[in-house]
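In our numbering, the protein residues as written are 767 to 954.
Simulated from the structure, these hints should not be mistaken for lab results.
This one's a predicted model, so the numbers in the text were calculated from it and none came from an experiment.
Wrong hints could be hidden among the right ones.
[Unchecked claim] With beta-carbon atoms standing in for the labels, derived distance ranges:
1) Y898 / F778: 38 to 48 Å
2) T910 / I951: 17 to 27 Å
3) K939 / F803: 45 to 55 Å
4) M779 / K950: 18 to 28 Å
5) L776 / Q848: 49 to 59 Å
6) I947 / I797: 19 to 29 Å
7) L776 / P808: 16 to 26 Å
8) P808 / F916: 43 to 53 Å
The C-beta atom is built at its ideal place from N, Cα and C for all residues, glycine as well.
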Amino acid sequence: MQENGLHGYLSFMRNRLKILTNTTFQTIIAICFVLAFGSHLPLSISRGFYTFSVLIRDLLMYVLPIAIFTYITSMLAGLKQQAFLLVGVLLFFEALSNTLSISYAYGIGFFVYNKISLLSNPFQKAESLVPYFSLGQFRPLFYTVDKGTFLGVLTGFFFATGKGTSIMPFFYKLRKLIDLIFSKILAK
């Protein structure tokens with residue numbers, strides 16, 4: 767009986783740990799923490815959190831153009847002749863998605879803006895939003911996600927026509943490396 771009770775307790779604790787390691791749960795807890803205690807944090811700590819957030823964003827902005835270029839190129843090259851149809855369908859749904867999300871955000875912002883008074887919160891001082899450092903200032907202006915997408919589509923179309931197939935193993939290896947970066951480093 768004692769063993770079953772211990773086993774049940776350990777199972778209960780494992781389930782609790784799964785909940786605590788859930789990213790959604792952690793995000794909700796972080797938002798609640800900032801809303802409850804954000805105005806009481808010292809400026810140096812809030813700037814530290816903001817610097818960490820900016821660092822993650824900057825690292826993603828360095829990785830994303832290469833990742834998107836690689837994924838699109840290898841996907842379109844693998845689809846061969848269906849690549850042209852896929853890009854047309856994707857462009858249509860991308861335009862539709864952007865239109866709907868902009869309309870939704872504008873509608874929500876229009877109705878909610880006057881009801882929320884976050885600007886009077888002392889935590890929102892301009893000084894608290896200055897990071898200690900930023901890697902984004904070293905990124906060239908031409909190195910953007912949209913250019914990675916465009917180059918990926920162009921090279922994917924080139925490889926989809928059957929030309930340059932000898933370089934495709936390089937793109938597959940690069941895609942595996944990017945998968946590793948996203949799953950093991952940036953996802954943690």
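Here is how each hint holds up against the structure:
no.	hint	in the structure
1	Y898 / F778: 38 to 48 Å	holds (42 Å)
2	T910 / I951: 17 to 27 Å	holds (22 Å)
3	K939 / F803: 45 to 55 Å	holds (46 Å)
4	M779 / K950: 18 to 28 Å	holds (26 Å)
5	L776 / Q848: 49 to 59 Å	holds (51 Å)
6	I947 / I797: 19 to 29 Å	holds (27 Å)
7	L776 / P808: 16 to 26 Å	violated (40 Å)
8	P808 / F916: 43 to 53 Å	holds (45 Å)
Hint violations for this structure: number 7 only, all remaining hints satisfied.
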